[in-house]
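Asks: Using the sequences and the hints, build the whole thing.
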Amino acid sequence: MPLLDVQSLVTEFPGAPGGPGNRAVNEVSFAVERGKVLGLVGESGSGKSVTGFSIMGLVDRPGRVTGGRILFDGQDLASLSGEEMRQLRGRRIAMVFQDPMMTLNPVLTIGTQMTEAITAHEKVSRAESRARARDALGQVGIPSPEERLSAYPHEFSGGMRQRVAIAIALLHNPDLIIADEPTTALDVTIQSQIISEFQRLAETHNTAVIWITHDLAIVSRLADDIAVMYSGRLVETGPVSDVLTDPRHPYTAGLIGSVPSQNTRGTRLRQIPGMTPSLGRLPSGCAFRTRCDRATEACATVPPPETHEGARGFRCIHPVHPELLTQ
Amino acid sequence: MTDQSTRPLVELRNVSRKFGSKGDIADRIAQRLKLAKPKPVVHAVDSVDLSIRQGEVLGLVGESGCGKSTLGRVVAGILPPSEGDLYWKGSDRSRLSFADLKAADLATQMIFQNPMAALNPRMTVEDIVTEAPHSHGMIPGDRRAYADRYLEMAGFDPAMKRRYPHQFSGGQRQRVNIARALAVQPEFLVCDESVAALDVSIQAQVINLFMDLREQLDLTYLFVSHDLGVVEHISDRVAIMYLGRIVEEAPVEEVYARPNHPYTRALLSEVPRIEVGKRKFEAIKGELPSPLDPPKGCHFHPRCPFAMDRCRSEVPKIREVASGHRSACHLNDG
Chain A
1 MPLLDVQSLV TEFPGAPGGP GNRAVNEVSF AVERGKVLGL VGESGSGKSV
51 TGFSIMGLVD RPGRVTGGRI LFDGQDLASL SGEEMRQLRG RRIAMVFQDP
101 MMTLNPVLTI GTQMTEAITA HEKVSRAESR ARARDALGQV GIPSPEERLS
151 AYPHEFSGGM RQRVAIAIAL LHNPDLIIAD EPTTALDVTI QSQIISEFQR
201 LAETHNTAVI WITHDLAIVS RLADDIAVMY SGRLVETGPV SDVLTDPRHP
251 YTAGLIGSVP SQNTRGTRLR QIPGMTPSLG RLPSGCAFRT RCDRATEACA
301 TVPPPETHEG ARGFRCIHPV HPELLTQ
Chain B
1 MTDQSTRPLV ELRNVSRKFG SKGDIADRIA QRLKLAKPKP VVHAVDSVDL
51 SIRQGEVLGL VGESGCGKST LGRVVAGILP PSEGDLYWKG SDRSRLSFAD
101 LKAADLATQM IFQNPMAALN PRMTVEDIVT EAPHSHGMIP GDRRAYADRY
151 LEMAGFDPAM KRRYPHQFSG GQRQRVNIAR ALAVQPEFLV CDESVAALDV
201 SIQAQVINLF MDLREQLDLT YLFVSHDLGV VEHISDRVAI MYLGRIVEEA
251 PVEEVYARPN HPYTRALLSE VPRIEVGKRK FEAIKGELPS PLDPPKGCHF
301 HPRCPFAMDR CRSEVPKIRE VASGHRSACH LNDG
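These protein sequence lines are chains A and B, in that order.
Residues in the first sequence are numbered consecutively from 1, following full-length UniProt numbering.
Residues in the second sequence are numbered consecutively from 1, following full-length UniProt numbering.
Everything labelled a hint here was simulated from the structure, so no lab data went into it.
Incorrect hints may appear among the rest.
Sample of chain A residues facing chain B (criterion: CB under 7 Å; computed from the structure) [stated by the list, open to error]: (1) S220; (2) L255; (3) R268.
Ranges of calculated distance between the beta carbons of each label pair, as one might list FRET restraints [what the hints assert, rightly or not]: (4) A:H321 <-> B:E152: 34 to 44 Å; (5) B:G20 <-> A:H154: 18 to 28 Å; (6) A:M85 <-> B:K39: 36 to 46 Å; (7) A:E116 <-> B:G23: 40 to 50 Å.
To list a few chain B residues with every Cβ distance to chain A over 12 Å, as calculated [what the hints assert, rightly or not]: (8) N14; (9) D27; (10) L35; (11) P295; (12) K317.
Where is the CB? At the ideal position from N, CA and C, for every residue including glycine.
Replies: Below, the structure written as structure tokens:
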């Protein structure tokens, strides 16, 4: 049984008055096993972050989860009371955000915030929680952790703040970590440091990770499985090694082609034309068809059903096959 | 694509740019009497020699806080250097006549990271694009036709030119910025992280646009970016900056195939590539030191795996290690 099993999840935000809601997350299904990393990939507005917030039960009003089930360790999260969900959040499921200042309180010391996070879930003495906070800081590679406990968030650099946020997420050895673009705002050298720490810690604790990002290069090196999102739907899922080397959905193929290093230096990049449609004005049928060079009239009728091919799945009626590729 | 013999369009000789104040007279007396510490000064750009040849794309790479944006602004003539000289087409900028300086300024245009911050929210796209060329008397006939021409060149549908910047997506706004820059018929574009804020698929479109424009208009670029993949793709030559100094400079194939400086080597191992199969992320230790208090000697020595005693005291000179390939590292002496 997978640790997290998301089945046909729908999260809606109100659309135009009187009209239907906008589905930021539309019939999304995926599963994550213990100790595995799932890369959830998409561009801005694709619904990848809302998917993460939906699992955490943190979707802000007026948005709400209106369909599907989220099974965590066999338990339906929708059946939990607010208090039970609070017990789960931070202890068994943790989240790391793009901007660490979203996690950190600017007027409290790091030590106070970390011990607070420990005592919220466990009955331990002050001294012990402080010792655990110190060890957690040391684990994520913060030098002289004992002194740093009395520092305020503004006294840290961006990379160090993100390490603190990760240390807080790891305090209770959660079963699942949802990491929402945690390294996007950081420099490349710092990015690598953070990812390698993360990778090491997730491996030692057998933690399941959902890594939300737009960066295929990170996913290719970090994740076991990938799920590509476009306009609220998962358009392609499967093992990273299959999807990134041999994509089926034209959008996945287009994203891979847009990465500069996938192209010969100095040549035009294989770009995807047009731009992401807004949720209120999605084209009928397949949402990607207006940007797709393979689209036919059939694509405009109904959203393409999911086709399965071994461990992978995709929603396209004209999938890309290597023998058809002219590249 | 570039010829070694082409004359430089812009040349920097020993250029530095500092930020900070000397303080008022009371501060200075207090400092003289050793009653107060000197005011902190940031050496954002420290003794840089750099030339950009006609028709080439020079990529300027570095981490945040290394001074690459400041250097871009100095090159564009927006920030005057604190020390050193800036040459435009072979003549010293500080000695140009008013008319020549104006021509040099018009010929250099900048495109910034955040397209919304660079566009006046109260002006229509058409007015934004034609304002500068109109006031410089560059529009011979119809102002509207002029706007159409440059908007089309930047891949922006002229039918939407009566709208305001907030009505567009990030990628479209960046196209408006590009049209605005092109409208004064520049020769040289300084792009400061111009594609960093865009989504992957839109980023590819804008990079393609930059490459097409270069062909059509024979433009020269300084492409400032932290994204090694983008720089590798678009540049002819690359300069790598660390804490205010250029540490290495070479043609793009050369620097990606044979990086010389330890910092470049570490940085290039982080080029975003799609590589399936779990790979270890090997990171450089430590973080960029504060530019207020840079390390003595070679700025990179606290993070460098090869640091020797000499690196801690003596600043390495940048010198040629191969044809057209310059690097500033003491290891090249041994």
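Asks: Now tell me, hint by hint, if it's right for this structure.
Replies: Here is what the structure says about each hint:
no.: 1; hint: S220; in the structure: holds, 4 Å
no.: 2; hint: L255; in the structure: holds, 6 Å
no.: 3; hint: R268; in the structure: holds, 5 Å
no.: 4; hint: A:H321 <-> B:E152: 34 to 44 Å; in the structure: holds, 37 Å
no.: 5; hint: B:G20 <-> A:H154: 18 to 28 Å; in the structure: holds, 21 Å
no.: 6; hint: A:M85 <-> B:K39: 36 to 46 Å; in the structure: violated, 53 Å
no.: 7; hint: A:E116 <-> B:G23: 40 to 50 Å; in the structure: holds, 43 Å
no.: 8; hint: N14; in the structure: holds, 28 Å
no.: 9; hint: D27; in the structure: holds, 26 Å
no.: 10; hint: L35; in the structure: holds, 28 Å
no.: 11; hint: P295; in the structure: holds, 16 Å
no.: 12; hint: K317; in the structure: holds, 25 Å
Of the numbered hints given earlier, the model fails hint 6 alone.
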